[in-house]
Amino acid sequence: MAPTPEPAKHVPWPVHAARQLKFVIPGALATYYIGVLEEYWRTLVGINGPLARTGALTAGGLGLTTVALLLYVISLYYTAAEPDFRSWRDSSPLRRVITTMTGSIVLGWLVAVGTLGQWSSLGYVKSVVGVTGVYALTMGLLGLIPVPKTKRKA
Numbered sequence: 000m001a002p003t004p005e006p007a008k009h010v011p012w013p014v015h016a017a018r019q020l021k022f023v024i025p026g027a028l029a030t031y032y033i034g035v036l037e038e039y040w041r042t043l044v045g046i047n048g049p050l051a052r053t054g055a056l057t058a059g060g061l062g063l064t065t066v067a068l069l070l071y072v073i074s075l076y077y078t079a080a081e082p083d084f085r086s087w088r089d090s091s092p093l094r095r096v097i098t099t100m101t102g103s104i105v106l107g108w109l110v111a112v113g114t115l116g117q118w119s120s121l122g123y124v125k126s127v128v129g130v131t132g133v134y135a136l137t138m139g140l141l142g143l144i145p146v147p148k149t150k151r152k153a
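Sequential numbering from 0 applies to the sequence shown in numbering that gives the first Met the number 0.
Please keep in mind that the hints were generated in silico from the structure rather than gathered at the bench. Quantities reported herein were computed from a predicted structural model and do not represent experimental measurements. Don't take every hint at face value.
[Claimed, not checked] Restraint-style ranges between C-beta atoms, simulated for each label pair:
{"#": "1", "residue 1": "Pro49", "residue 2": "Val14", "range": "22 to 30 Å"}
{"#": "2", "residue 1": "Gly142", "residue 2": "Leu56", "range": "42 to 50 Å"}
{"#": "3", "residue 1": "Ser90", "residue 2": "Arg18", "range": "20 to 28 Å"}
{"#": "4", "residue 1": "Ala17", "residue 2": "Leu106", "range": "29 to 37 Å"}
{"#": "5", "residue 1": "Asp89", "residue 2": "Tyr32", "range": "24 to 32 Å"}
{"#": "6", "residue 1": "Leu56", "residue 2": "Ser120", "range": "40 to 48 Å"}
{"#": "7", "residue 1": "Gln19", "residue 2": "Asp83", "range": "36 to 44 Å"}
{"#": "8", "residue 1": "Pro49", "residue 2": "Leu20", "range": "33 to 41 Å"}
{"#": "9", "residue 1": "Ser90", "residue 2": "Leu56", "range": "38 to 46 Å"}
{"#": "10", "residue 1": "Gly34", "residue 2": "Arg85", "range": "14 to 22 Å"}
{"#": "11", "residue 1": "Ser120", "residue 2": "Tyr77", "range": "26 to 34 Å"}
{"#": "12", "residue 1": "Pro92", "residue 2": "Ile144", "range": "26 to 34 Å"}
{"#": "13", "residue 1": "Pro147", "residue 2": "Trp40", "range": "16 to 24 Å"}
{"#": "14", "residue 1": "Tyr77", "residue 2": "Pro49", "range": "38 to 46 Å"}
[To be verified] Computed list of lysine to aspartate or glutamate pairs in DMTMM-like fashion (alpha-carbon distance at most 20 Å, straight line):
{"#": "15", "residue 1": "Lys148", "residue 2": "Glu81"}
{"#": "16", "residue 1": "Lys21", "residue 2": "Glu81"}
{"#": "17", "residue 1": "Lys148", "residue 2": "Glu37"}
C-beta: ideal position from N, C-alpha, C; glycine also.
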């Protein structure tokens with residue numbers, strides 16, 4: 000007989016927000032001190048060359064896709080269709096969204112690091128740290144969006 004999982008405890012929003020700070024603060028510090036947004040902007044406007052601009056546009060598009068898909072998943076909590084993330088592979092919409100979102104996160108990060116590492120003054124090591132900081136900051140801020148408490152299905 001399989002053990003029944005414990006119901007998830009509801010975490011008050013201030014406690015949850017404090018936990019999200021472990022992503023927001025390091026992400027913001029890395030983004031600011033490395034200057035990744037300034038270098039990204041320089042690359043996006045074409046100062047670092049046309050191929051670099053294409054890479055920056057691609058990375059930005061994939062980043063926006065990731066944010067849009069995360070907001071879509073969050074919006075499912077506000078509709079009648081409560082998502083069941085334990086069996087997301089069995090849910091057609093969640094299967095497509097989570098697979099696409101995972102691909103956009105990984106590919107967007109790789110393109111951003113490759114573009115900034117090759118064509119900006121950051122180099123690859125600072126690009127890895129800086130882009131990871133931007134992603135941590137973004138995910139941390141998106142994690143602050145409150146979602147309604149859902150009832151667990153047994």
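Please flag the earlier hints that this structure goes against, numbers listed from lowest up. 1, 2, 5, 6, 7, 9, 10, 11, 12, 13, 16, 17
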